[in-house]
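**Student:** Below, each chain spelled out in residue letters.
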Amino acid sequence: MKRFVLAMAAFALLAACGNDNKKKDNSTEKEMVKDQVVNVYTHRHYEPDQNIFRMFEEKTGIKVKVINASADELIQKMKMEGKQSPADVLITVDAGRLSRAKDQGLLQSIESNILENAIPKHLQDEDNQWFGLTKRARIIAYSKDRVKPEDLSTYEDLVNPKWKGKILVRSSSNIYNQSLMASIIANNGEEAAKSWAEGIVANMARSPKGSDRDQVKAVVAGEGDLAIVNSYYIGKMLNSPDPEEVKTAKQIGLFFPNQEDRGTHINVSGAGVAKYAPNRANAILFIEYLISEEAQKVFTDANYEYPILESVEPVQDIKDWGDFKEDNLELNKLGENNKKAVLIFDETSWK
Amino acid sequence: MKQVGNKNEAFSLKTRLKRLKRDSNRWSVFTLAIVFFLALPIIFIGVELFSGPGETWSHIVRYLLPEYIGNSLYLVFLCSILVLILGVSSAWLVSRFNFPLRQQMEWLLILPLAIPSYIVGYAYAGIFDYGGSMNLLFRQLNLDFIRIDIMNRAGLAFVLSISLFPYVYVSARAFFLNQANNLLEASKMLGVGEGKTFFRLMLPLARPAIVAGLVLVLMEVLNDYGAASYYGVNTFTTGIFRSWFSLEEPETAVYLSALLILIIFALILFEKWQVRKVKFSSSKTNSTQIQRKRPKKSMQWLIFSVVFLPVFLGFVLPVTQLIYWAVLTASTVFDMQFLIISLQSFGIAITSAIITVFFALLLIYFSKWSTLLSIKNIARVGVLGYAIPGAVIAIGIMIPTLALDKWLIKMFGNFGIDSGLIINGTLIALLYAYAVRFLAVAYNPIESTALKVDSSIPDSSKVLGVGNLKTFFKIEFPLIKTGVFSAVILVFIDVMKELPLTLILKPYHIDTLAVKAFEYASDEMVMEASIPSLFIIFTAMIPVIFLNKLLIKK
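Chains as they are written, first to last, in the numbering used here: chain A, 1 to 351; chain B, 1 to 554.
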């Protein structure tokens with residue numbers, strides 16, 4: 001037993017030293033080739049992203065170093081680190097968080113013709129502090145057996161009493177729901193948004209829980225008829241390694257709301273250069289690479305997001321859903337209205 | 001001995017200060033220094049309390065607080081009951097009776113500790129999901145109108161209990177194994193029956209050990225974020241995250257943390273109070289091992305099933321589900337990088353375990369040698385970190401260390417050196433944070449074994465003129481060795497599983513398995529998260545089995 005303890009202790013020491021050595025290596029490396037790094041704070045925890053980073057490394061020789069956490073935590077971290085922050089690029093999965101980072105002075109404006117020209121106006125910040133990378137739509141997944149798509153129309157119509165006990169939606173602490181609510185505040189005003197939330201809560205099939213995928217499963221299981229979900233999760237379910245999940249996803253229909261008026265609520269996953277980026281030039285190169293055709297192809301092929309670059313075709317599963325009209329709301333509004341959205345959720349006890 | 005503090009109340013402040021000075025020695029000062037070091041992040045959070053809550057505080061009190069309190073109390077209550085039933089019954093049965101596979105059961109019962117509770121939560125959600133194993137089974141039996149919904153607060157209480165009960169099991173069994181035999185024999189001689197002996201004698205005597213385990217469980221329960229948010233149950237901890245991040249009001253989050261700390265403080269005081277009433281020490285820590293009874297064959301199998309049930313629910317079932325997912329996703333997820341990440345996780349966990357236990361030892365013994373008696377209560381402040389959500393500790397650590405870093409940069413700048421951040425974003429900050437967070441995990445097992453050492457032994461050594469340190473190494477350390485090693489292992493396992501704090505403080509070039517699992521799970525790729533989860537489980541299993549060997553040897 002003693003020997004085992006000794007061995008463990010020795011291993012620990014080794015591990016600790018090993019880490020230290022690595023640290024030294026990194027710092028000397030940094031000094032020698034200072035420009036060859038880009039430090040990325042990202043909320044995108046997707047495996048395909050790592051492939052894109054690797055492709056970027058091979059192409060440019062710039063090493064990509066990643067910290068993964070939720071956007072909120074990353075923003076707090078950058079705020080506290082201040083001028084010393086090692087972050088070069090902040091990537092989030094929601095425009096609201098990007099505009100929040102902008103408001104807190106954590107991002108900087110950059111000049112890039114490539115980004116300027118490739119990305120539609122309403123999907124990038126007017127001060128060039130952040131840029132959309134991919135799009136997702138918040139859509140309605142419905143039971144093919146029990147719902148006629150003709151009966152569906154808008155987000156606003158979901159409060160109609162005919163949907164009582166039929167609506168499935170996840171918790172309001174979820175960022176996508178907060179942004180949907182923020183867009184409704186921006187479009188219809190606070191009062192209307194509040195009564196909308198009350199109507200949804202009254203029509204809920206169950207108390208909110210689980211993920212977007214769980215809402216889809218609950219529709220198929222018959223717990224409710226409609227689920228408000230993010231488009232790319234449906235793509236992922238259709239390509240799931242679990243055959244049961246594929247079967248489930250095939251049993252639902254997709255509806256893009258508000259086609260007759262402002263369009264379906266969309267959100268972007270996007271990136272911005274950090275205010276105190278130590279490797280500013282690399283950061284710009286990096287973001288430019290993310291909207292290159294090859295990177296955009298990975299985003300849509302492997303992660304089922306809508307590419308932001310119009311020249312890139314969406315993956316087949318997405319294309320099958322057809323074109324739709326997007327809500328062209330200026331996305332900074334999502335950040336501005338985020339807090340109001342959360343307060344309304346609480347007041348209407350949307351958990 | 002512990003009541004000295006009360007008498008002081010008669011004195012004026014001046015005399016009290018004088019007494020304070022007279023009574024303290026250098027150990028008192030050392031203790032204070034360590035408590036200060038460990039409590040620093042908590043102090044910084046505490047300081048924010050004085051700036052008042054944010055503007056949404058009244059909103060939170062009105063709309064959310066009743067639910068947070070209700071759900072947290074519900075969880076504390078239900079988990080206490082479940083954990084006590086599972087932990088104490090299994091500890092008693094494996095200690096007292098012989099039955100098939102008893103020895104295997106001894107360590108199998110600790111294994112649920114190796115799975116992070118949020119992963120148990122994912123696994124159970126998957127099992128009871130539409131299209132999940134249970135649903136498919138019911139479909140085969142044409143019973144698919146039955147759907148068990150586990151994603152609610154009762155389900156959450158079940159998931160947390162089934163993954164945390166080993167804390168109670170371990171401490172209760174340690175008591176039964178090492179302390180119970182003499183009493184059992186006495187009870188037998190007096191002709192008292194088996195049931196009565198257990199309920200009237202063993203249970204009251206084992207109470208301090210059981211409650212020490214229970215307090216750990218309840219702290220984990222109050223601290224849980226991953227499982228609670230997935231199951232849609234709003235608790236204090238999810239509320240802290242909501243007000244800090246969604247409402248952007250750190251002040252409000254700090255207020256909620258402070259309320260949570262009050263609850264934990266009450267729990268700790270409760271534990272102190274109930275241990276005080278049962279003073280129990282034995283000079284023979286390695287007194288004779290408990291004598292096991294061999295009941296009838298049918299009875300043996302009954303006992304086996306009772307003991308196997310928590311193992312099945314807490315380990316076999318969730319791990320089977322994970323393995324099934326792992327098989328489905330192995331081709332896309334598994335690569336060499338996993339081995340490297342596993343080794344990194346292992347190295348970080350063992351290093352921080354040793355550091356944390358070292359701090360716990362310093363705290364326990366310095367305060368013991370201190371002549372200032374009230375310092376023991378002050379020392380308890382050092383263990384508060386366990387009650388505070390990892391994300392909050394991470395922020396609490398960043399405030400002072402960033403200030404220090406900025407100062408260092410300025411100092412180095414004077415010499416023309418650009419040092420960059422020295423503490424933040426390196427292992428130092430991470431290890432510091434683990435020590436703050438997990439001190440309680442190390443403190444409790446060491447303290448409970450230290451309490452059992454009859455103070456007359458070290459006292460007589462000191463009377464003979466041997467110093468505190470020498471007495472410790474020659475006499476006390478060998479006596480509390482079990483406690484120390486248990487502490488190392490428990491901290492090791494906790495660090496392996498730790499998530500929110502690691503996410504915020506980890507250095508760039510290091511990944512842990514928990515981080516990897518989270519990356520998948522947070523993107524609703526629960527299936528893909530199964531492989532890193534299994535790696536965590538198997539890396540944590542090795543020391544768990546070792547822990548068991550340690551407890552049996554004694």
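Because the hints were derived from the structure by calculation, they are not lab data.
Careful, some of the hints might be misleading.
Claimed, not checked - No more than 27 Å apart at the CA atoms, straight line, and that leaves these computed lysine-lysine pairs for DSSO-like:
#1 B/Lys14 x A/Lys275
#2 B/Lys406 x A/Lys83
#3 A/Lys275 x A/Lys144
#4 A/Lys250 x A/Lys121
#5 A/Lys250 x A/Lys275
#6 A/Lys319 x A/Lys65
#7 B/Lys406 x A/Lys79
#8 A/Lys79 x A/Lys319
#9 A/Lys275 x B/Lys410
#10 B/Lys481 x B/Lys406
#11 A/Lys79 x B/Lys410
#12 A/Lys65 x B/Lys296
#13 B/Lys410 x A/Lys83
**Student:** If any of the earlier hints don't hold here, list their numbers in rising order.
**Tutor:** 1, 3, 4, 5, 6, 8, 10 and 12
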